[in-house]
Amino acid sequence: MNQQSPIGPPRGFRDILPTEARELGVIEQTLAETFADSGFTPLHPPLLEYGAADSAKRRRMQFLDSDGSLVALRPDLTTSVARLVGGRYQDMTGVLRLSYVAPVFREEPAMSGGSREILQAGVELDAEILALLVESLERCGLPVCESTVQVGNIRLVAGLFAGLTDAARFEVIEAVRQGEIAGALSRAREAGMPLDELERAGRALTGVAGGIDGAEAAELCRVIELARERWAGRLERWGVPNPALVPALPYYTGIVFEAIHPDAGVIASGGRYDLLIGAFGTPRPAIGFAIDVLQLHRALFADAWRPRSQRPLLLLRASADERATMRCAAALRAGGMAVALGDVAERAGRAVIEAEVIDERRVKLADGRVAEARALGAEIDS
Amino acid sequence: MRPLRFALAQGLLLNEALAALRAIGVDVSGVTPGGRRLVVDGGDIELVLARPSDIATYVERGAADLAIVGKDVLLESGARVMELVDLGFGACRFVVAAPPGAMERSLDEYRHLGTLEVATKYPNVAERHFRARDIAVEIVKVAGSAEVAPLVGLADWIVDLVATGNTLRANGLAVVEEIASSTARLVANPAAYHLRRREIAPVVERLAAWAAAR
Chain D
43 MNQQSPIGPP RGFRDILPTE ARELGVIEQT LAETFADSGF TPLHPPLLEY
93 GAADSAKRRR MQFLDSDGSL VALRPDLTTS VARLVGGRYQ DMTGVLRLSY
143 VAPVFREEPA MSGGSREILQ AGVELDAEIL ALLVESLERC GLPVCESTVQ
193 VGNIRLVAGL FAGLTDAARF EVIEAVRQGE IAGALSRARE AGMPLDELER
243 AGRALTGVAG GIDGAEAAEL CRVIELARER WAGRLERWGV PNPALVPALP
293 YYTGIVFEAI HPDAGVIASG GRYDLLIGAF GTPRPAIGFA IDVLQLHRAL
343 FADAWRPRSQ RPLLLLRASA DERATMRCAA ALRAGGMAVA LGDVAERAGR
393 AVIEAEVIDE RRVKLADGRV AEARALGAEI DS
Chain G
30 MRPLRFALAQ GLLLNEALAA LRAIGVDVSG VTPGGRRLVV DGGDIELVLA
80 RPSDIATYVE RGAADLAIVG KDVLLESGAR VMELVDLGFG ACRFVVAAPP
130 GAMERSLDEY RHLGTLEVAT KYPNVAERHF RARDIAVEIV KVAGSAEVAP
180 LVGLADWIVD LVATGNTLRA NGLAVVEEIA SSTARLVANP AAYHLRRREI
230 APVVERLAAW AAAR
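Chains D and G supply the protein sequences, listed in that same order.
Going by my numbering, the first sequence opens with residue 43, and the numbers climb by one from there.
Going by my numbering, the second sequence opens with residue 30, and the numbers climb by one from there.
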């Protein structure tokens, strides 16, 4: 019998190899810059939060710590941020703009970058966050076309079933959240919903997008229009209203949106969650989104994206004079070059050039040209 | 963009699923039940034949955009798909069954050992059901006929899918409890459903009208 211990990572985890790690690094840095450019401050919630007994349902990875408390690898960052804000910013009124780029852990791990705006309600602010999502995706290199961004509203779905009792409506909306639209409609019929209303709800949930009416549908269109004004995008008309959009996470209370890619599926989701923070302290309205960085990377990869070009890595062949070699490498680095002495076996998709040390200040390139070490970086850029 | 890909479960549902698609104007002439061609061009729609239990995986992972599959398969796989229309055909039920005289003995055993053995081809459905009822069970997964398990002493009870109940009766079993009923469903991959709404909505609408008219 083979007694070797397994050499792979634990089930559900995988190694991220250098090429992908480098590309993820570029995406994460772009996201962090985009959030910072809009005035968002980064924060780092802890890796662990207190666990819950219903772990099977929520797909958490949890265990007992040495005190016997049940702790969980954070399954989601929105709840962590809500806990932090509800506890620490009780007395601070006004807008908090918080962001993070950090992994979350479900049964399958997922990386998540997100931004959270904690502020007063209003369509303009909904539009600002929606525009920031599209800006973030486009700055990472993802072309956002009309149907990439779908915008819905939980209140609109609730409104379709306004005639039902609270208990029946809750069951119906839970069914829609699970994707069981047929089940939701038959539950509504059992609860005594009139046929014409049932037909209207069916049309809104399964018909061609845009087949909705009323004040809240008009509000959806208005949010999209306002958001387009804030970030025009590469294609002028991005975003479609979608009354059937009900994200899997249960805490949203108003506008919700998702970015969807044909190959990667849902790469970002967000919305308004006005009640969540109240569960941890003083209630305050909030809106935000989370981008699944691994899914975004998959979408970019499917679109044949490559990270924006960096300067090539310089592989420097040493001369006999070790001191001159070290000084030459220092001069190259001072001029903005990344330098490795000798060879690098794992290049992770980076371009490389080779050069040989002549003396402290000069190198000989592979084509025989002699270059000033300190000026080589600028020379390559031009 | 590739044409809409529609997966169909080979087996009991296939003939009625083909009839439903034919009724809404999809060209299914290229599909021969039991044939060897598994990917068939149907005009605007590409048809793919697969095992019922694989259909949910195809749709969840986006390899197929739409499918007709039994609710029983969806319940057991737990796949995250959109269930759009209850097509009404292929009715069956998940049930807990046991030999009629064994109830007293089973309950006595449960009091003594604190657990019952349940044989099933559907471990996820069975586990979820007994957990919800707060009954401790040991699931014995079988690949073939679960109904012989109580006869040969493999398990006290079984969880199985029944259409008429004839097989249960033939093996001396009676229904203890019904877990869930199942019919064929039109399902969609969630991303495809939102992204390709314009193409999918007419299919949903016509199949819903077809199902309502039956």
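Be careful, since some hints might not be right.
[To be verified] Chain G is faced by these chain D residues, among others (derived, beta-carbon under 10 Å):
#, residue
1, 190
2, 245
3, 249
4, 286
5, 360
Source of the hints: derived by calculation from the structure; they are not laboratory data.
Remember, predicted model here, so these are calculated numbers, not experimental data.
Every residue gets a Cβ at the ideal spot worked out from N, C-alpha and C, and that includes glycine.
Taking the hints in turn, this is what the structure says about them:
no.	hint	result
1	190	8 Å, holds
2	245	9 Å, holds
3	249	5 Å, holds
4	286	8 Å, holds
5	360	51 Å, violated
In this structure, only the earlier hint numbered 5 is contradicted, and the remaining ones agree with it.
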